[in-house]
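Chemist: Start from chain Z and add chain L with the ligand according to the hints.
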Amino acid sequence: MKVLVGVKRVLDPQVKARVNADKTGIDLTNAKMTMNPFDENAVEEAIRLKEAGTVEEIVALSIGAAKSEETLRNALALGADRAILVQTDETLEPLAIAKIFKAIVDEEQPNLVMVGKQAIDDDCNQTGQMLSALLDWPQATFASKLEINGDTAKVTREVDAGLESIDVNMPAVVTVDLRLNEPRYASLPNVMKAKRKPLDKKALADLGLDTANRMTTLEVMEPPARDAGVLVETVSELVNKLKNEAKVI
Amino acid sequence: MTVLVIAEHENGALAGATLHTITAAQQIGGDLDVLVAGSDCAAAAQAAAAVAGVSRVRVADDASLTGYMAENMADLIVSIAADYSHVLAPATTFGKNFMPRAAALLDVSQISEISAVISADTFERPIYAGNAMAKVQSSDSIKLITVRTTKFDAASAEGGSATVEDVAAAADTGKSRFVGVAASESDRVELTSASIVISGGRGMQSGDNFPMLERVADKLGAAVGASRAAVDAGFVPNDYQVGQTGKVIAPDLYIAVGISGAIQHLAGMKDSKTIVAINKDSEAPIFQVADYGLVADLFDAVPELENEL
Ligand SMILES: Cc1cc2nc3c(=O)[nH]c(=O)nc-3n(C[C@H](O)[C@H](O)[C@H](O)COP(=O)(O)OP(=O)(O)OC[C@H]3O[C@@H](n4cnc5c(N)ncnc54)[C@H](O)[C@@H]3O)c2cc1C
Numbered sequence: 143m144k145v146l147v148g149v150k151r152v153l154d155p156q157v158k159a160r161v162n163a164d165k166t167g168i169d170l171t172n173a174k175m176t177m178n179p180f181d182e183n184a185v186e187e188a189i190r191l192k193e194a195g196t197v198e199e200i201v202a203l204s205i206g207a208a209k210s211e212e213t214l215r216n217a218l219a220l221g222a223d224r225a226i227l228v229q230t231d232e233t234l235e236p237l238a239i240a241k242i243f244k245a246i247v248d249e250e251q252p253n254l255v256m257v258g259k260q261a262i263d264d265d266c267n268q269t270g271q272m273l274s275a276l277l278d279w280p281q282a283t284f285a286s287k288l289e290i291n292g293d294t295a296k297v298t299r300e301v302d303a304g305l306e307s308i309d310v311n312m313p314a315v316v317t318v319d320l321r322l323n324e325p326r327y328a329s330l331p332n333v334m335k336a337k338r339k340p341l342d343k344k345a346l347a348d349l350g351l352d353t354a355n356r357m358t359t360l361e362v363m364e365p366p367a368r369d370a371g372v373l374v375e376t377v378s379e380l381v382n383k384l385k386n387e388a389k390v391i
Numbered sequence: 118m119t120v121l122v123i124a125e126h127e128n129g130a131l132a133g134a135t136l137h138t139i140t141a142a143q144q145i146g147g148d149l150d151v152l153v154a155g156s157d158c159a160a161a162a163q164a165a166a167a168v169a170g171v172s173r174v175r176v177a178d179d180a181s182l183t184g185y186m187a188e189n190m191a192d193l194i195v196s197i198a199a200d201y202s203h204v205l206a207p208a209t210t211f212g213k214n215f216m217p218r219a220a221a222l223l224d225v226s227q228i229s230e231i232s233a234v235i236s237a238d239t240f241e242r243p244i245y246a247g248n249a250m251a252k253v254q255s256s257d258s259i260k261l262i263t264v265r266t267t268k269f270d271a272a273s274a275e276g277g278s279a280t281v282e283d284v285a286a287a288a289d290t291g292k293s294r295f296v297g298v299a300a301s302e303s304d305r306v307e308l309t310s311a312s313i314v315i316s317g318g319r320g321m322q323s324g325d326n327f328p329m330l331e332r333v334a335d336k337l338g339a340a341v342g343a344s345r346a347a348v349d350a351g352f353v354p355n356d357y358q359v360g361q362t363g364k365v366i367a368p369d370l371y372i373a374v375g376i377s378g379a380i381q382h383l384a385g386m387k388d389s390k391t392i393v394a395i396n397k398d399s400e401a402p403i404f405q406v407a408d409y410g411l412v413a414d415l416f417d418a419v420p421e422l423e424n425e426l
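Chain order of the listed sequences is Z and L.
The numbering of the first sequence is the working numbering, which starts it at 143 and goes up by one.
The numbering of the second sequence is the working numbering, which starts it at 118 and goes up by one.
A couple of the hints might just be wrong.
As the list claims (entries may be wrong) - Calculated lysine-lysine pairs in the BS3-like style (CA-CA distance at most 27 Å, straight line): (1) L:Lys292 x L:Lys336; (2) Z:Lys383 x L:Lys397; (3) Z:Lys337 x Z:Lys174; (4) Z:Lys287 x L:Lys397; (5) Z:Lys385 x L:Lys336; (6) L:Lys292 x Z:Lys241; (7) Z:Lys209 x Z:Lys241.
Because the hints were derived from the structure by calculation, they are not lab data.
Extracted from the complex, chain Z is given alone in its bound form (with noise of 0.2 Å):
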């Protein structure tokens, strides 16, 4: 069996994200840039699908700018067999991305893509499910485990009201959540070793596709600021605060 698994370059996540001086956009200049968290797992699952025999190659794939090619070398390092970085330097909506992958699908043919479920940047939660739409394909989405028994998988995801489990038929899509697994980190060797895997770069333009975007960003902003609170010094002054000053209790 075959994974595409999907890696994108974000804002490290211990990185507090600052609005850029013309309001366009976050302040990335010089930023700590890493792999998306999310995408950690997805990476971590195929490793230990194909460290327990059910995977035989992983294949990762990044879309974005020349850069994400480090953090396609990172998933290599970790444990994916052969990388592909499709190059744009569109901020892409998550549309087109599932457009590309699609692409991607279409030439590579694995039975299982699993991608994060949401990318810490711009917080939209589509990709997954909207490239599943496009293959016609089932979806597993917010999955904290996987089970792959042959022709079906068996996904417990996590919802609002607990954790759902669900089955669904291969080949599918699956967008994973923060306790599916813990992700390993890279060894010295293997990031040297990751260097010279295979690392197919494509110009998005070759792939004809329509990738216009359908939203245009008029603005962004800092959110509403807090005022300062104050600090109480004992348990009674702050019941007291919170009934009379509050007034929530």
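Modeler: For chain L with the ligand alone, coordinates are given in the frame of chain Z:
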């Protein structure tokens, strides 16, 4: 112009999230239809018809919609989408699951988790865990939108008298099957609808210490939540998680106990009206958003709080 809201409902009752989504739809304007899809959902359809401002309820009551599997839900939405300028669903795990699928089938983008309606084609939405707000304008002919429910008041559940009509479910794709939900049992109010929430973090040390928070919660009529660290450590189930990747809530009072206040946690609670932080580390970032901070050991402060209430 007619706007469609996809109702989230369970056991014959509308979810609170649906009422908030209806308010967002009303801000867009036009006539308002509600789709109630599921199996045995006649009671939920009646509840939707009673919501103020709804003109028509369309009911797809079919066994193939059990568990709201995304494939069948998306096909159903696509089958009626031509009647609408906008299709809205709450940005809960219910709506987030099938809405992007329907959008892709219609070849339109989805506008995720809107926090404000500026006009019929322009919306505001949080990005980067709420560290920035983007104002976006959509050029799609049908706008598929999920709604951040905390940013819109609940529509009144009474006073409406919508017509109720059946609509045929789409053919079952057979691609996926609902097996079941293991929901946590609790008599307490639900996290997303509670007006007071008390949450515990890694500082709680163990799930065995959560009853301490539960006793305070019971005195206040509050719900109990948690940070991701507390859920990851197995102190409490996943549905307790508040944050960027858990639930987004905005109660009147949020009490964070033994929670440091990471960006991803703040993303889920910083719109709360009043925030209280109890933490032994005076440098913890949670104090930067707290209206009232108490630097204390939670194992002293929480029992004391219970006694003072
Ligand atoms: C992609 C991504 C998504 C995430 N999504 C979420 C999310 O949805 N929700 C979420 O919460 N997190 C999320 N996180 C994790 C987040 O970054 C933090 O790791 C997490 O919120 C920390 O939880 P915590 O505050 O309980 O633990 P810690 O950061 O370890 O803080 C524990 C706090 O308890 C205090 N403490 C310890 N003992 C005591 C005591 N006896 N008395 C008083 N105080 C005490 C400490 O001073 C400390 O401040 C996400 C992270 C990533 C990368």
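Chemist: Hint by hint, note whether the structure agrees.
Modeler: We went through each hint and held it up to the structure:
Our distance criterion of 27 Å between C-alpha atoms is broken by Lys292 of chain L and Lys336 of chain L, whose separation comes to about 47 Å. A threshold of 27 Å between alpha carbons decides the hint, and for Lys383 of chain Z with Lys397 of chain L the separation of about 20 Å falls inside it, so the pair holds. Of the pairs offered as hints, the one joining Lys337 of chain Z and Lys174 of chain Z holds, with about 21 Å between alpha carbons and a cut-off of 27 Å not exceeded. With a CA separation close to 35 Å, the supplied pair Lys287 of chain Z and Lys397 of chain L exceeds the 27 Å bound.
Between Lys385 of chain Z and Lys336 of chain L, the direct Cα distance comes to roughly 14 Å. Compliance with the 27 Å bound is thereby established for this hinted pair. With a C-alpha separation of about 21 Å, the suggested pairing of Lys292 of chain L with Lys241 of chain Z holds against the 27 Å cut-off. Between Lys209 of chain Z and Lys241 of chain Z the CA atoms are separated by roughly 21 Å; this keeps the pair inside 27 Å, and the hint holds.
The earlier numbered hints that this structure contradicts are 1 and 4.
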